[in-house]
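Protein chains in written order, with this note's numbering: chain A, 24 to 465; chain B, 24 to 465; chain C, 24 to 465; chain D, 24 to 465.
Rather than coming from a laboratory, the hints here were simulated on the basis of the structure. A couple of the hints might just be wrong.
[Claimed, not checked] With beta-carbon atoms standing in for the labels, derived distance ranges:
1) A/E238 with B/D289: 33 to 39 Å
2) A/Q410 with B/S295: 25 to 31 Å
3) D/T297 with B/A306: 28 to 34 Å
4) D/S295 with A/G408: 44 to 50 Å
5) D/V55 with A/Q59: 25 to 31 Å
6) D/S295 with A/E101: 33 to 39 Å
[Claimed, not checked] If you want a taste of the chain C side facing chain B, the calculated C-beta under 10 Å gives, among others:
7) Q59
8) L62
9) T71
10) T129
C-beta atoms are modelled at their ideal positions from N, C-alpha and C, and glycine is treated no differently.
Number of protein chains: 4
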Amino acid sequence: MSSSSPSLAPVLAAPAPTSLATHYQAVRTQSVALVQPLLPEDTVVQPTLDVSPPKWHLAHTTWFWETFLLKNYLPGYEVFHPEYAFLFNSYYNSLGSRVNRADRGTLSRPPLADVYRYRTYVDEHMATLLARLAELPPAATELLELGLHHEQQHQELLATDIKYILSTNPLAPGYLTDEQLAMSNEKSEPAANSLPTAAWLPVPGGIYAVGHQQEGFSFDNELPVHEVLVAPFELQNRLVTNGDFLRFIEAGGYRQFQFWLGEGWDLVNRESWTAPLYWSQNADGQWLRYGPTGLAPLNLAAPVSHISFYEADAYAQWAGARLPTEAEWEVAARHFEATPQGGNWLETGHFDPQPLAANADPTQCHQLLGDCWEWTYSAYHPYPGYQRAAGALGEYNGKFMLNQLVLRGGSCATPESHIRLTYRNFFHADKRWQFTGLRLAR
Amino acid sequence: MSSSSPSLAPVLAAPAPTSLATHYQAVRTQSVALVQPLLPEDTVVQPTLDVSPPKWHLAHTTWFWETFLLKNYLPGYEVFHPEYAFLFNSYYNSLGSRVNRADRGTLSRPPLADVYRYRTYVDEHMATLLARLAELPPAATELLELGLHHEQQHQELLATDIKYILSTNPLAPGYLTDEQLAMSNEKSEPAANSLPTAAWLPVPGGIYAVGHQQEGFSFDNELPVHEVLVAPFELQNRLVTNGDFLRFIEAGGYRQFQFWLGEGWDLVNRESWTAPLYWSQNADGQWLRYGPTGLAPLNLAAPVSHISFYEADAYAQWAGARLPTEAEWEVAARHFEATPQGGNWLETGHFDPQPLAANADPTQCHQLLGDCWEWTYSAYHPYPGYQRAAGALGEYNGKFMLNQLVLRGGSCATPESHIRLTYRNFFHADKRWQFTGLRLAR
Amino acid sequence: MSSSSPSLAPVLAAPAPTSLATHYQAVRTQSVALVQPLLPEDTVVQPTLDVSPPKWHLAHTTWFWETFLLKNYLPGYEVFHPEYAFLFNSYYNSLGSRVNRADRGTLSRPPLADVYRYRTYVDEHMATLLARLAELPPAATELLELGLHHEQQHQELLATDIKYILSTNPLAPGYLTDEQLAMSNEKSEPAANSLPTAAWLPVPGGIYAVGHQQEGFSFDNELPVHEVLVAPFELQNRLVTNGDFLRFIEAGGYRQFQFWLGEGWDLVNRESWTAPLYWSQNADGQWLRYGPTGLAPLNLAAPVSHISFYEADAYAQWAGARLPTEAEWEVAARHFEATPQGGNWLETGHFDPQPLAANADPTQCHQLLGDCWEWTYSAYHPYPGYQRAAGALGEYNGKFMLNQLVLRGGSCATPESHIRLTYRNFFHADKRWQFTGLRLAR
Amino acid sequence: MSSSSPSLAPVLAAPAPTSLATHYQAVRTQSVALVQPLLPEDTVVQPTLDVSPPKWHLAHTTWFWETFLLKNYLPGYEVFHPEYAFLFNSYYNSLGSRVNRADRGTLSRPPLADVYRYRTYVDEHMATLLARLAELPPAATELLELGLHHEQQHQELLATDIKYILSTNPLAPGYLTDEQLAMSNEKSEPAANSLPTAAWLPVPGGIYAVGHQQEGFSFDNELPVHEVLVAPFELQNRLVTNGDFLRFIEAGGYRQFQFWLGEGWDLVNRESWTAPLYWSQNADGQWLRYGPTGLAPLNLAAPVSHISFYEADAYAQWAGARLPTEAEWEVAARHFEATPQGGNWLETGHFDPQPLAANADPTQCHQLLGDCWEWTYSAYHPYPGYQRAAGALGEYNGKFMLNQLVLRGGSCATPESHIRLTYRNFFHADKRWQFTGLRLAR
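All chains should be built: construct the whole structure from the sequences, respecting the hints.
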């Protein structure tokens, strides 16, 4: 499907960063690598409001470096193009007006080639800045780390947005060929017989500190560290699988209101949902799922993904269980990290469209945190004592702290150096285009 | 404005219930009393989706008794009309299809007179049932208590819906005349000089039990009792007042994005909000508010009400404070109930359209819990261990536990016997037609 | 006003006007008579944008007299209420701002009783003005005639809006009881065996003058008289009947795109139309129609009504015929008026909810012009040389001359003195709540 | 495909067809030439429902040949791709389901390169078919002519859609560089002093035959020829110019309801229109228009274009004139073709984005029929006796014959061999993205 024989080398190369400059280069390279299997046409479209054009992601992440680093810390820096701030500002009111989000997919210009020129221009100036980093105030280094994590967030969005763009096309093209997929990662999908038996792992109650407590980077929404009281609970050792979820479907789960929250039931009926996003049945009734190489039979042993919070919660209701809170999830993760008992939980290295993540060492992929983001029944609200930063970066996280749910873990599309035990991902309850699944609690 | 000289006697008469039968009669009488100042035409309209026609409230509450008590516990009971279950079921999927909520205001029939006949028919049969209550299983008594609280909830909705219906009319008719208002309650609105100085009241941290712990009725969403860890915090001794809020407006609060959550900022701009609901400025710039007798000058000493969560949160941001969580609120309420220090907090007996509540003894009105529902920054989620009941009543609360915020306290429109320290009221963040205000925390 | 024993006297009394003053009184009385069988609640609601509350019609027609006659020609006249111009102006930009049309059904005030007081106030002052009419300039008499025809237009809208309001109620109440219906008009519905055989009546081609050519009132849109060239054509002697239309339905007419205009086909699918408005099938498959006494079996001999232009056109396509143009219709009407051959055409005195029209002499009802408005395939555009009048009345007709179709004839709901051979009624192609049917041409 | 050095050769080469095969080749080449200055990204987007992606036009026109010619007349023909019928069927219900029109801009695949491969594949097979054309039934030749005119219609849409796509981009890129524009056509824009003085040309009344009467191709909607009676009228010798229209704007034309049809006035206010599409004012108040090379000063001598019917009609009302009917327009065009007096009318060879038309001999461009489509006040209805063809082609024109207005003439974007005196173009009254202007009548 490739237009000009893209090398997959960049997809495969994600060396461990040895320094910030090296890490900068690796992250920037990886963004481009994700887009390389696409055609220019694929980088333009926005089939639904949530999905931004890949070209936009490549430019927006570049604008971030320009706006927060180069303009502030590289004397004499001149912006690449005076209109790009209008075109590629995502949502920062502090930074002025911008293209309406719904119109991102109507903009053919600048073309992909110009966006690459923009990236090169900014990378060259960033190289100059990185060489002088030691001389700059610590805030510059902090912004650099933020920029890297920001770009990694958009790498995950690139993966999910590309998947959506290609999947909604009636031609259902694959992102990779079978050969490319085989090359990209030796780890095969989990076989049914490798699946651990579902089991409940007990976690003792108590007062626990939650939030980012180690060295290193975290987003402001992971702070401050604070104590929570958690009652004893149990968590399953593995994610709910496609096979598990199929039983829910076959039991009429999508047709029985009593398992559903009211807004979820309305949604299921309005949208005529009968299965997770990307699932379909062929004429023989066989279940297929759209994945990296196009349509393929559903792997019953893989964790269910691309479900909304409503579907996760309805499944849990049907199963006589519940979703964990984010505090429970974090407490359990800490608990099992330190105990042999955790082994079971850690065994859940299943994944679905793993090649999207393109990790250099797939054997280490996802060991800790699973292959899907896990919906929790916790609202994305500020931690006690949270304060929005002053200026534009105060808009980064704080203004979204309502009407969304926290997801924990990470997915096959999350860059590995971006995964953290305290990471608070968040989406509205109806969203399905992310790699979202669930783990039962009780 | 009255069509046939309604006596206000029922409005004034709300005797303390001495028994369930007496209480049943008092509650049923009070619903009718609330509608009595209206004309038949006023009872039909639905000016916005949230606001149900008063006629619908009178019928729906009656349908509740018929459906849950009479059909189950009165042998041989025949429903008043076979179509009323379709017309007056609110949201119970368990009980079949029903009129679309958005269409309630398109239905002129049954007319108000028939709804009153329906009420009389059901009350007569309920009298029979109440006389035999001791012979019935305990579940019948539980349903009776639930039905009373259900009807009281709709009394508050009647008050707020009537206010909305009359206020949106270009004629801005009052609900009561000045004379009726004067008769209905001797307590005057707070004078500016009676206003306590705002002060911060400290509450010690610790592990607290929250949830309904006393004897008597509570909704299922107030259970189970469970422990929470609360860090030390401070709460203000009084609600934010109209005068306080006016300073926020005059400081440009509605025009500065940095105080607002993202969805709130979009809403403010989309709806061109510049003040709380029911506020307006006359040609001289004087601030007016729509209240029980129509338009009147804004009382700066009264608590601000009819604000959305977004406005409450933006105010708190502007004031350098925050909204309390629902746990903090409940902990503080218990704390101050038991301490002399609480006196300040308890002094906030301000109110706006108090006559709607029609309490028998206004001197006792609102002493504990304020005059407005107080927005908390807590999502309306199930308490740990919460289980939805089986059957239709499982739909009463549980299916709404997402995307709404908890409000605590009670308002001038809340029947006094309906106010509870553990009561969890809940609305979406954009709603303003309830008596909703805020109290600052830090 | 009472629902239990409505007097039908006013419904029946519509004496032939002997003078303008008498005619004024008769017309004004008839508007009230149409509303008399309703309850106050029925007069408030607006179940769809096109349908105005009956209370609004009663007030708007009164505002018309006040605005165009009393304010201009009765010295010292004081308006009944200063806000009524805002409330009851329909669409005259010349006369200032007004209630949004979509909000008419949200307004409970002024109540029906106040609207009657308004009518009485205006009628009393109109009596004074009518007594002096001879002294006033001729323009006053012209406005008086316009006002009478304006009110008659709203009488037809009252009939169709009331029908819609009652029909959409799940209780499907009748407008009249069977007894009232029997009293109101001796003429029974047509029996199947009374139905004339459909036949084609030829009309010779030629140059014809069209437009209002007689003495007496016409709207400005019926002028100027102008010549048109019409090719020879044939018209059917009777309207398409319910029985005819049922054959179209049973032949799959609503499921075959090839009979439909593109926008009609989209509409049929979007709205899931399978039959005319007010038709339904009971559990036994019997066809019913909602009419003056509620649901009743469909009369196959009656003309089909309550169909959109799209349905009329699709029927004609299916039948291998077409709709006439408005010029053809007018030419044919003049032609058959003057020829014995026309007798067949004139035999179509069928009607459906005839009591709504409340004609004094039902034997003369509709002889000339049929019982349904007949869709023509002519756009409602200005006649050659048409000029909008100056001032507010220039908005009466001219600004609507686009995107609507002309209907000719008249319906059982059209006051008889309002029917004219040159009358140009007009509606958008998708409207069905008027008494609209068709007659085939070829 | 390259953006840097587009060859304009194909744009300039449009040799007069000497045979159908040659004409086929010329038309097909011209479609590609129109897209050549674009980047692949430009060919994907759909910024508004009416505007289809250029890539879609290139594929849909190809699908038309495949579907109507190759599948029917080339034995053994195999379709290029089995899914393309779903992707590129525009609106033919006869030919099955298809992509929702609103989703055309969400489809990145097939990429432009594949669409070109599709075109080549079909052209090669068409060459075979064209070589055998003499042996095929006459219907094949008729379909060939229809296909050529179909593709020419899409060439005009390509021009207008490309203009819209580029204009809505905040970068406002030009379609051509100044140099390319200069090369493409020697004829310069009209100078102000070359503008003929507006004058009224009288046309005598009488019975005229209208409709396609010559040899050669016409669409079915131009038939049957039929007689109309036209009263004497006058038409202006030239189109209304930008300068004329600016006087309307400066006189407050967009702010005074009395010039507007009701639906037009609502639209103007809802969309905040203050000028034709593509007009803007810079900071100095100078009027600019978006054209082939991007933004440029408004040429007051050029005909106003990109106005809706509502704006055309409002201008005419303001000017004390009216729009012609389509019959008047056609009668006048025939009249002036044959009279020296017509010279004035024919002098209006003004044009705006003329390079889009890319005519071989620009000196002959537009002499007869003006540079903008001219709105008439005639509904697009069937001519008397019109019959839709059987089969899919019956959907070509007939199903659109409602709620649209006829435009006559042709525009700078209309291929010259596609312009006909009897041509009935049609659009909804609110559309502005075509080259639409007006000529006054009285």
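Hints, one by one, checked against the model:
Roughly 38 Å separates the CB atoms of A/E238 and B/D289, a value that falls within the hinted 33 to 39 Å. Range check, A/Q410 to B/S295: about 30 Å between beta-carbon atoms, so the 25 to 31 Å window is met. The supplied range of 28 to 34 Å is met by D/T297 and B/A306, whose beta-carbon atoms lie about 30 Å from each other. A beta carbon spacing of about 45 Å between D/S295 and A/G408 agrees with the range 44 to 50 Å that was offered as a hint.
A beta carbon spacing of about 28 Å between D/V55 and A/Q59 agrees with the range 25 to 31 Å that was offered as a hint. In this structure the supplied range 33 to 39 Å holds for D/S295 paired with A/E101, their Cβ-Cβ distance being about 36 Å. The beta carbon of C/Q59 comes no nearer than 15 Å to any beta carbon in chain B, farther than 10 Å, and the hint placing it at the interface is violated. This hint holds: C/L62 has a C-beta 5 Å from the nearest C-beta of chain B, less than the 10 Å allowed.
At its closest, the beta carbon of C/T71 sits 8 Å from a beta carbon of chain B; the interface hint therefore holds under the 10 Å criterion. Given hint, C/T129 at the interface with chain B, holds; its Cβ is 4 Å from that chain's nearest Cβ, closer than 10 Å.
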